[in-house]
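Here the protein sequences come in this chain order: A and B.
Basically our numbering = 1-based index in the first sequence + 33.
Basically our numbering = 1-based index in the second sequence + 33.
Hints may contain errors.
Stated by the list, open to error - Each computed DMTMM-like pair below joins lysine to aspartate or glutamate, with the alpha-carbon atoms no more than 20 Å apart:
no., chain 1, residue 1, chain 2, residue 2
1, A, K228, A, E147
2, B, K603, A, D581
3, B, K310, A, D293
4, B, K485, B, D469
5, B, K485, B, D581
6, A, K310, B, E117
7, A, K603, B, E118
8, B, K179, B, E266
9, B, K290, B, D306
10, A, K175, A, E254
11, A, K228, A, D247
12, A, K479, A, D532
Stated by the list, open to error - Going by beta-carbon spacing under 8 Å, a handful of chain A positions derived as facing chain B:
no., residue
13, E86
14, D293
15, L397
16, P645
Hints listed in this document are in silico derivations from the structure and should not be mistaken for laboratory results.
Note that the coordinates shown come from a computational prediction; the quantities given were computed from them, not determined experimentally.
Cβ coordinates follow ideal geometry from the N, Cα and C atoms, glycine included.
2 protein chains.
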Amino acid sequence: MENLKNISFESVILNDGFWKSKCDINKNVSIKSVYARFEETGRFNAMRFAYKEGDPIHVFYDSDVAKWIEAVAYLVQKEGGYAEEQKIIDALIADMIAHQLPSGYINSYFIQKEPEAIFTKRSEHELYCAGHLIEAAIAYHKATGKRPMLDMMLRYVDCIERAFITEKTAKFVTCGHEEIELALVRLYEYTGVKKYLDMALFFLDNRRPDVDADPLYDSREKSYCQSHLPVREQTEALGHAVRAVYLYIAMEEAAQKTGDKELSAACDALFEDIINKKMFITGGIGSARDGEAFTVPFDLPNLEAYSESCAAIGLMLFALSLQKKRLDSRFADTIERVMYNNLLSSVSMDGKSFFYENTLEVHLASVGKDTALVPSKRRRLPRYQRLEVFDCSCCPPNINRILARLGDFFFSEHGDSLVVNQFGALSLSTEKISLDMATEYPSNGKIKLSGKNSAYSSLLIRRPWWCVNYELSGAEAISEENGYLRVNLPVGEFELSIDFNMKPFFIRSNPKVRENCGRVALCYGPTVFCLERNDNDCELNALSVALDSDFECDFSTDIPMVTARGRIAKPTDSLYNIVTADTDFTQPATLRFIPYRCFANRSPCDMLVWVPYFL
Amino acid sequence: MENLKNISFESVILNDGFWKSKCDINKNVSIKSVYARFEETGRFNAMRFAYKEGDPIHVFYDSDVAKWIEAVAYLVQKEGGYAEEQKIIDALIADMIAHQLPSGYINSYFIQKEPEAIFTKRSEHELYCAGHLIEAAIAYHKATGKRPMLDMMLRYVDCIERAFITEKTAKFVTCGHEEIELALVRLYEYTGVKKYLDMALFFLDNRRPDVDADPLYDSREKSYCQSHLPVREQTEALGHAVRAVYLYIAMEEAAQKTGDKELSAACDALFEDIINKKMFITGGIGSARDGEAFTVPFDLPNLEAYSESCAAIGLMLFALSLQKKRLDSRFADTIERVMYNNLLSSVSMDGKSFFYENTLEVHLASVGKDTALVPSKRRRLPRYQRLEVFDCSCCPPNINRILARLGDFFFSEHGDSLVVNQFGALSLSTEKISLDMATEYPSNGKIKLSGKNSAYSSLLIRRPWWCVNYELSGAEAISEENGYLRVNLPVGEFELSIDFNMKPFFIRSNPKVRENCGRVALCYGPTVFCLERNDNDCELNALSVALDSDFECDFSTDIPMVTARGRIAKPTDSLYNIVTADTDFTQPATLRFIPYRCFANRSPCDMLVWVPYFL
């Protein structure tokens, strides 16, 4: 532990600019839209215990609504207000408390649908729902000071402790879907009550192959729910990606509280495994639709990318936890990769609709019909168009809550240094410093930092992984430490600028990634770009881009565009054509790229991130 | 109808050379091996009506054995002998006849396992088995003159006529898996009894969406078994590929017998659809594992290619039927494409083991583990290694029978011309001509034709689609007609040579084939080549080939090799790497190609047909 801590969003005010506009849309549109859809689809009805036979209900409804409550709580904490939403939440909590069992048990599905099955089905998300309700209860109590939801959950946690630990009446030991573990560590952090940390450790320590016998998970392989090895021995990210990263967050947080070196080392290994072998260039993780899972190293298919929104959010949160452990810019680099790509692709630019899966290629000719790669019966959701709500609608409220607390990701403290992890137009205001960050990031890599410092001796500014050279003015970099530039910070007023020299560049994959061989991705700063057929009227894979192309950038519109020089394969009548030495079968073409985060915001069309290249 | 007819294998003797060696292995190894495996796996046991509870049995066992009988019959017809095999077959037929029902019904599965379900289950291959038994009975009678099997099947056909047509006691009208239709046309052709043609037409005419209501096929979409439209209205190859081409063969054969122009036109459209939009470069068809089916146009994925051996064989037979209708070299071109690629890839070089699926790429890192593209639970068979027998072992005896009659594909007659469709070291001997074809095809494009002609006025020699230029000596081409070179043939002795100038060349796909964009396939004459990791020790997709490469060919070994110049992407430590303008991230490499038909004959390893290119 290097005396690092993250600075909460409470101290961060987003100013007019990129992130404020995104977070405003989240606040003004997305959160309201998710609420409306959740009312329409009976989620609130079920949680109000108004379920009647035939109504929609599902084991994970409580968690969907919990994440929405958590999102609202962050807004209340930050801005106050939201009286209407608070009224809804307070009434809901009252209904829940009225139906909480004498034991303290509270779950809208099991109480109404299968009371006899309480704590008997490992696969049915019971403790996952409990975990999300705990997170929401903490946030809501912190934001409003209102105790009922927190008290309800403390009673439930006591019930859980009895059923799983002291009396062992539950028919399983660890929940199939992780979440309770990280929630219990947060509850310990919030209340200081050590029992909650002990409970988290109990669930972590018992996640191992010899504990739970569950036919479902045994048939799927125990790695699906990370029960294949004791958690301290896990070094490869395996199984359902959301479950995995939620577990890793709990492991890292618990390790930081207990000083458990083995647990900490496992988290380091798991993070390395993800970012070096199993992460899409967009920050997405979990390659396989089947099991929503991590797969073998370097298996990163584009058309079939699963890359669930919740998994990318989980990776951000895992990196945020790791960022407290050690100064290493790869944590914030990873957060940045997700923030500007997979996180924002998961919500439409108007804030109303969402992707569950974030594909890296759309090929409409293969959609909605039986094809070899994506038979329609295996196709879970239309991945070329966002939807307002899903049957399994975990992602939309997850996006709500992460954007509501986005300020959490920007700053940390390292000893007497202020660490600047992310960049955006914002102000930081704490007892120690008032800092203004002025920037057009991610359209421009120039960042001006100014303000008044009363406590820090230096700034540690992350040098992004993509930055080949930079210019500092108003200060000098004393050193570069694990990807951070150290700059002396005088007490009193300060002003300095840094320019990361943002320009379009190409990325190639490790050649072990079969799908990306012979291809490059265009990036601009942290932003991954893609081709959309809306701007390039042809089979996108028939295009190739010149590696020595000049670029034209137009960032003046809602959907920025970078134009590059390339070629296109001439069409043919025959399926197979002899290549003769004297015939050039390509012709010049202009390739028009847009940010990946903007794809599928116009009419549905083909999209491609990894583009064939030539030199 | 242009007065065309195919010349039977009976008149064709393969001489020492490429095809003789393949057919000798089929005769001496494969047919014996398939017999042994079918005995071991209880197929013969079941057909001898010796099934006991717990023994293996399946609805398609009769068809497996029938194809093996048909293969043996062709060998007997050609060479005589095979006393041992004939004894086995005669005893088997006696057992079957002893258990044939009074109605004439004969099916080892239904009589022993589900007698109450006879003719009630459209999906259960009953008439498919009947069709294969009819084909075998014709071949066996023709070869041996023995009537019992043919008589048994004539009784069964009468039973089928009553159940399906006159008395309509059967609970479905058309069988889910086509085969009976083409068998009935062949039976008509063999016996001259028009009733059998009428029965074929009955089954063809009733294959339409408004006839059979079968929940299984309705849920799969009626196109799975080609019941989505009346057959005369079908213009797109859809559904299960083997079923489809077996249907098309029957349609074309029936059209030729009846002069039905609509049926004939449908076959032309279906053939065009296949070869222009749905055929792998290897001649494989049926892109999707799911449903073993044709998919949307240009959906030809390499790693996931299904490309069943039986489907490719069906395509050969469909083209063989079409070849009788019209002089058009594309029929024989298609046959050649299958012969030298998908047909031979489907059997190991030692003749002992078989591919059910013929993939166009092997990526071992993705095999046997959960990956996004090929989760192991969906993986039907190990496609990187041939097996001696499968649970569903339709392909091995299909390969047996097609190689046993391979001579059928070489010659046809067109008016008073002899048509040379395929090339190989062989002799043709009929009343009209004695012809020797001397060639090292497919290693060399030089072909010497000599002999004594007593009836033909000209030769029509197919100019293969891949032939850019040729040299004729000893004769002159009068004209080129639909892909055939017309050469005058004097009465009496003749000798001429043609050299198709075989050399390595590259093929590119129509750019609508997403998977092959930016890639080429190396071919040499009709032979498609591939890279195997055994010869190229790296991630194969990281290689790229120079379009202007020179080639070195070594055809002196069992596995020929063509060497080309190329590059390889340098390895990287990171998953994603900035491409800087001043760094060449490739280095020179030599690419070693082997014929696709030879892949997976050494240790299991990666394989790649479509290779990235550069210029």
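Checked hints:
no. : hint              : in the structure
1   : K228/A <-> E147/A : violated (29 Å)
2   : K603/B <-> D581/A : holds (19 Å)
3   : K310/B <-> D293/A : violated (60 Å)
4   : K485/B <-> D469/B : holds (9 Å)
5   : K485/B <-> D581/B : violated (44 Å)
6   : K310/A <-> E117/B : violated (58 Å)
7   : K603/A <-> E118/B : violated (56 Å)
8   : K179/B <-> E266/B : violated (41 Å)
9   : K290/B <-> D306/B : violated (24 Å)
10  : K175/A <-> E254/A : violated (40 Å)
11  : K228/A <-> D247/A : violated (27 Å)
12  : K479/A <-> D532/A : holds (4 Å)
13  : E86               : violated (28 Å)
14  : D293              : violated (28 Å)
15  : L397              : violated (10 Å)
16  : P645              : holds (4 Å)
The structure fails hints 1, 3, 5, 6, 7, 8, 9, 10, 11, 13, 14 and 15 (numbered hints given earlier, in ascending order).
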